[in-house]
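Modelling step: build the complete structure from the supplied sequences, incorporating the hints.
Keeping their order, the protein sequence lines are chains A and B.
Residues 847 to 1155 in the numbering used here are what the first sequence lists, from first letter to last.
Residues 378 to 772 in the numbering used here are what the second sequence lists, from first letter to last.
Rather than coming from a laboratory, the hints here were simulated on the basis of the structure.
Certain hints may be false.
Cβ-to-Cβ under 7 Å is the rule here; a few derived chain A residues that face chain B [stated by the list, open to error]: (1) Ile1050; (2) Arg1053; (3) Asp1060; (4) Tyr1062; (5) Lys1064.
Mimicking EDC-like on lysine to aspartate or glutamate, the simulated pairs with C-alpha atoms at most 16 Å apart in a straight line are [stated by the list, open to error]: (6) B:Lys464 to A:Glu1056; (7) B:Lys696 to B:Glu720; (8) B:Lys665 to B:Asp712; (9) A:Lys1071 to B:Glu484; (10) B:Lys696 to B:Glu718; (11) B:Lys696 to B:Glu682; (12) B:Lys555 to B:Glu583; (13) A:Lys1071 to B:Asp481; (14) B:Lys517 to B:Glu484.
Idealized CB from N, CA, C, for every residue including glycine.
Here is how the chains run, residue by residue.
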Amino acid sequence: MSTLTEAPPPLTPAAPEKKPPRTRGRWTPYWLLLPGILWLLVFFAAPMVYQASTSVQTGSLEEGYKVTWHFVTYWEAVSEYWPQFLRSVAYAASATVLCLLLGYPLAYLIAFRAGRWRNLIMTLVIAPFFTSFLIRTLAWKTILADGGPVVGVLNTLHVLDVTGWLGWTSGDRVLATPLAVVCGLTYNFLPFMILPLYTSLERIDGRLHEAAGDLYAKPSTVFRKVTFPLSMPGVVSGTLLTFIPATGDYVNASLLGSADTGMIGNVIQSQFLRVLDYPTAAALSFVLMAAILVMVTFYIRKSGTEDLV
Amino acid sequence: MATTKTQTDATEHSGDVRLSGISKTYGTFTAVHPLDLTVPQGSFFALLGASGCGKTTTLRMIAGLEEPSSGTVHLGDQDVTALPPYKRPVNTVFQSYALFPHLDIFENVAFGLRRRGIKSVKKQVGEMLDLVQLGEQARKKPHQLSGGQQQRVAVARALINHPKVLLLDEPLGALDLKLRRQMQLELKRIQTEVGITFVHVTHDQEEAMTMADQVAVMNGGRVEQLGAPADLYENPRTTFVANFLGTSNLIEAEVDTHGADEVVVKAAGDKLVLPVARCAAPARAGGKVLVGVRPEKISITHADEAGSIPEGRNRITGKISNTSFIGVSTQYMVDCAACPEFEVYAQNIDRDARLAPGADVVLHWNPAHTFGLDADQSLLAGTTGDAGVAEGETV
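Quick look at the structure:
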């Protein structure tokens, strides 16, 4: 036990000077944000400002355009093209409702009933994305062609009489009618409805269904009182993801529709690329954007899911 | 509650839960072997067992959430086997509570009443929330409550429907120890107050023993033993029950003589006596038997004082290998010839300083506290290492 007499071990050399607190870490989040912010500035903010200025310019292609704060363009654009605005909203709304009616059962099936088939069905839902939007829409042209099988079946079943009376189709034709455009929109945007619906349905704890059943709710009531309310975030984001792009879409109307089914997207496209009336095209774009913002805000308020989205 | 009480008396036994030959198989796996069980009306019944023993499956078959592969479920005189859950007069408190996240506490509790078309729910819900002391929280959403409060909402949501049977699936599993103790007393109080039959699934033997009137210990899809907590503890019939409920010292022994009242066995030279009534094994002279005694029944005396031990007690000699001081008691691990890890719990009344590791000691106990078990089973069945006491329960 000689250690007792030994001198205590020397103190550890004076603690190294305290390093100044690292400041580099503090900036890391901003560095990481930088690429995204730059991207938004260059490809979103700058074009917005540019288009905003275009919309209040006057002039011609030969003489060049100048900012003259000519807000009248807005008024002229709306008063001339309001039918296309209304049509866009009506077609997009119809397609959204159809997407919801078709997509909800499918999303429900995938989320709760598909079991090991889940991944396969999900792949099938996304599969259309592997081919071009244009090609797929052109395919619908063939499907709905005059004298084609779809028209034949609808004719035999006298469905075309009803849709004709409603003004959705004309005579023996489906192609080049509102119905064709809405079908195209529905088809093209269906996955955007199914994916968010599936995500929110899949998140629902299965025990909530059991609990509801245990508390005297029959299956239809379980759906009405538990499943559907809990899937509202999916319903809201699905309808927005469908409605917003469908409103501005021009491909379906130009490939499957006619002059009478022109949507606002077609007008903007032709003003920009054919008529070359840039101020009107830009003004229409802004009106469309504002209209969608107002409608979406109203919708989210109404559905009471601000905290869920 | 007076009316409920008189009703209960008037309709005695008409509310028993009767399971007859009920079983559940998934493919080749048998979760529950054919099982007969009667839960008397108004009792607090616990299904106790380790994870995967089939207790939750049994409960879910009563609730109707699981379809039995065979057998029937009766509530009183009514055969409910084919009824879907929403038609059974039974409610469940789920393990994770399964409160509806989009509804506030009031609507969660009112859910069952509304589904049965009851219009004026305000008074009933208010009373029920007061019973579980959550009157103030009625307009909060479930995620704004603590675990203990959510648990009480789950109980209130089920109880408000006055079910014939309340099923509780590990209802306290997610709570911390202190809260769990508090909720055990709370649940027991509520059960006494409302007089409804409670069937409680748990893996916590202490919980089952403190709360239940009757406990069914389950293991591997079978009921090992059924009885009142004290009866199960004092008279285990299998090594699983002996080890799962508390701790037991089990010694392999050979039957020496078999009398009318007593069985005398030999274990590594020591002679031990046990009452015939407490021997759950077919004891023949020369046959094997497992002799058990609970650690707290044993007295420990230093070898020098062996002479002071009264006659007629079972004795075993050994050497202390380990001690641990718990406060109210001291646990000794004693190395005996018959059993290398003999556990003894001694109350700290007069501590003998000589009882330290290495000391030679004599262990002695009243023969009436000895029990005998069939030697054809694993000594370790039901110990934590063997069965595993898991928090979650998926089967």
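Item checked: Structure versus earlier hints - violations, ascending order -> Of the numbered hints, 1, 8 do not hold.
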